[in-house]
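A.B. asks: Heads up: the protein sequence lines correspond to chains A and B, in order. Its first residue numbered 0, the first sequence is counted upward by one per residue in numbering that gives the first Met the number 0. Its first residue numbered 0, the second sequence is counted upward by one per residue in numbering that gives the first Met the number 0.
Each hint should be verified, as a subset may be incorrect.
Unchecked claim - Partial list, computed: chain A residues near chain B (C-beta under 10 Å):
(1) His-52
(2) Arg-86
(3) Cys-94
(4) Gln-97
(5) Val-119
(6) His-150
(7) Met-164
No lab work stands behind these hints, which were simulated from the structure alone. We put the CB at the ideal spot given by N, CA and C, even for glycine.
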Amino acid sequence: MVDTPLFKLNHLTICQQGKDQNPIIDDVSFSLNQGQRLGLIGRSGCGKSVTSHAIMDILRPPLVRKQGQAILQGQDLFTLSAAEKRRIRGQGMFCIFQSPGSALHPALTIKQQMIEIATVIEQDQTTIINAVEYAFDRMQLPIRCLTQYPHHLSGGMKQRVLMAMALLLKPTLLIADEPTTGLDVLTEQDVLKAMEIMLEETQSACLFISHDIRIVKRVCNDLLVMKDGKIVDRCTRDELTYRERAETTREIIDAMKVA
Amino acid sequence: MRNFILQRMATAIPTLLGMSMLGFFMVALTPGDPVEMELRRLGVIFTADQIAALRQEYGLDQPIFKRYIDWLIRLLHLDMGQSIASGRSVLEEFKTHLPLTITLATLSLAFSIVLSALFGITAALTRSQALGNFVQFFSIFLVSIPSFWLALLLLFIFALSLQWISLLGSGAWYDLVLPVLTLSLGSAATMGRLMRDRILAVMSEDYIRLAIVKGLSPTLILRRHIMKSILPPLVTNWAVTFGALLGGSVIVENIFNLPGLGQMALQAVFERDFAILQAYLLFMGLIFFVSNFIADLLNYWLTPHFREQSGSQGGTE
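With the rest of the complex left out, here is chain A (with noise of 0.2 Å):
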């Protein structure tokens, strides 16, 4: 058991549907262990997004997974029904979306959306209020803005509205597309900060997403490159610096060394 991962993505490859042209995800694979965070980096459009959502089993349409296997825990997420899918959903599995704006219900309070995960979680009224509250304390979030509507808030405070929750949600597996898109450098490092404080709390295992290679150095200790929906490179945060690494990598560094 010891060395079975927690995680498993097997030969993942994603088309649009009726197109038998270059599959947009092709054959990616990887794993995860218990609280190992992995970080996922390539250019914008490479596919990694659509790999989160793949596993996450909510891809737009026309893109249909062809062929792959996620296996959490000993189950292949794919072949679930539609009811187990949804009980692996939050508490074994969890996502944080790029863009904060459109995450969060534009016509629902903050509480609204952060109590009915008690349906989940299967938790009492007093008991969630509680739960909401402590992670509203943990993620620096005042409380006030639990009556507020999502415009209320500044796309920092929305991010770590999803990192509360996923407090609450304890994920087995979390995976964090591009939290810090389109957030400046200071409240980048607020997001950073919650997310280390809720990855610890949580002992989640974590996939996160990004194409700034400073942030992933800065949270994962593994790397994965992408390129054109294929995984070009795998290597360890240490090992970043070596001059011998694939093009796409050494592309990426150079580029963020410029800046």
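Add chain B to chain A, keeping to what the hints say.
C.D. replies: Relative to chain A, chain B alone:
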């Protein structure tokens, strides 16, 4: 909230004034003298003096602008004049005919909402191409056929062929079944399509995906997240539909021989019963205005994110 209501109330004044003008002049400027028409209809032999006297009695000898002002002033006292044909006051006539039409329109609206929700939600959630196509085809079919034809078809099937109901109507509640069906099928089809398209659009929104990823049950997602997003355009659509159903009842009431506002209005057209027609037109405008107002209020409440656009500027870090 109060500001919003007051603002809307303020816009009501010019709108209603414009509607009253349109209603009054449209009828008053129509060719055909109501007095002469009425006397001829009664088969009375009349002299020029008699006509002049009657015209004076109804105030028809006054200049048209003075008639409008007089009418407006009397309107403020809820006095809309008298029907030339029946001699009863217009208010009386409305009191007799309105309940039936309101019932008809309300039932039709309720039925189309239920039907369209059934259509729209199943078509969207099953993502079944066949069902989607069926709804699409059915809605185009229902939108394209005129209501008088549908009414006659329904009468043919249920009254003539199956003989489930009497062609003449029996005064019982089930006389309303076919009229309600006629009125609601067409609007249910358009509304169902709108609902399906809206649900499909909202389903690919990030916040619905977050709700899915959270592990919420499909019923909770549908009831809370999806409904709250798709309701605003639907509410507006319902308001417009309600007005259209009231107006559409003219044809249906005449075919099914129901003594509602529509029948009264058509009768008034034949008889150049100007007082009734002017009041009818104004009433229709008022209904459209009021139902839109209610829809706006509901939308105001449903969309907190549009409510305060000018207010706060994002969050405070």
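A.B. asks: For every hint, state whether the structure bears it out.
C.D. replies: Do the hints match the structure? See the list:
1. Because the beta carbon of His-52(A) sits about 8 Å from the nearest beta carbon in chain B, less than 10 Å, this interface hint is met.
2. Checking Arg-86(A) against chain B by beta carbon gives a least distance of about 7 Å; that is within 10 Å, so the hint holds.
3. At its closest, the beta carbon of Cys-94(A) sits 5 Å from a beta carbon of chain B; the interface hint therefore holds under the 10 Å criterion.
4. At a threshold of 10 Å, the smallest CB-CB gap from Gln-97(A) to chain B is about 8 Å, leaving the interface hint in force.
5. Against a cut-off of 10 Å between C-beta atoms, the interface hint on Val-119(A) holds, since the closest Cβ of chain B lies about 4 Å away.
6. Using the Cβ-Cβ criterion of 10 Å, the hint placing His-150(A) at the interface with chain B is satisfied: the shortest such distance is roughly 5 Å.
7. A least Cβ separation of about 7 Å between Met-164(A) and chain B falls short of the 10 Å threshold, and the interface hint therefore holds.
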